[in-house]
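Trainee: Going down the list, the sequences are from chains C and W. Residues 1 to 148 (this note's numbering) make up the first sequence, in order. Residues 1001 to 1090 (this note's numbering) make up the second sequence, in order.
Treat the hints as calculated values from the structure; they're not laboratory data. Computed from a prediction, not measured in an experiment: that's the story for all the values here. Hints may be right or wrong, so weigh each one.
[What the hints assert, rightly or not] Distance condition first, Cα-Cα at most 20 Å in a straight line; then the derived EDC-like pairs of lysine to aspartate or glutamate:
#1 W:K1069 / C:E67
#2 C:K96 / C:E14
#3 W:K1069 / C:E101
#4 W:K1068 / C:E101
#5 W:K1069 / C:E115
#6 W:K1068 / W:D1028
#7 C:K96 / C:D58
#8 W:K1068 / W:D1080
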Amino acid sequence: MNKILNHIRQWASEIAGGSGSAVHIRAGNRHAVAIASMRVIIVQDGLNTWFAQSLDIDYASNGSSIEDTQRNFETGLSSTIKAHLERFGNIDRIMKSPPLEDWIPLVSRNGDEFEFSMSEAHDFNDKILVENLPYRSISYIEPLRKAA
Amino acid sequence: MRLPDKNDPGGDKESELPCNIVLQTLRDNGVSIHHLGSELYLLSQGDEVTSQVFGELIGGLMIRRLSKKFAIHIVEFYYDPITGTRRSAN
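Turn these sequences into a full structure, and let the hints guide you.
Mentor: Here's what the structure looks like:
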């Protein structure tokens, strides 16, 4: 078997006490991304909307309930990762902590916190194959753990 | 002339807006929007690329985030640029 692995990037949480990590492996046009134990804070934002902001990566989502916002977070982040891989060939622009001013005010609100992990693979050589595979799996390690 | 609320110059307390107003404001300010199906949209401008699921309403915190990401003044979302009147979800 020929050696074709040509790109591995790893990230670790920058927040105090954070255990989040991520890895991106690229071999040609094939990509695998795994994210583990990233922390996300979720707060009510107005009468009908909720807002989720990751403390580890620069991604946030919006929704009409806690559950809807979580689903939107998963779907949107997965799509964002795919878009970055297609456009930039990497996810470096996502894998950075958000500015403190973006999430510190959220901590003082009466919010919930959850952790998420996900893994996905994208093969840009064969889009039909990718679109028909159940390539994504997400497990909530501690769904809706009340913030301390 | 459009002016933000004197008591909320940063727009932090502004609330939710209908999705179509937010998307139109993004388009008007040069953000490329691709509808990926259902309620999933790909928003991009330069190196800023994000995909979001938008329902009927978009909350103030998300609007503030979009305004920062795409360098659009928050008042552009909340005030009609022609009439200067305030937009709202009602």
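Trainee: Which numbered hints turn out to be false for this structure?
Mentor: 1 and 5
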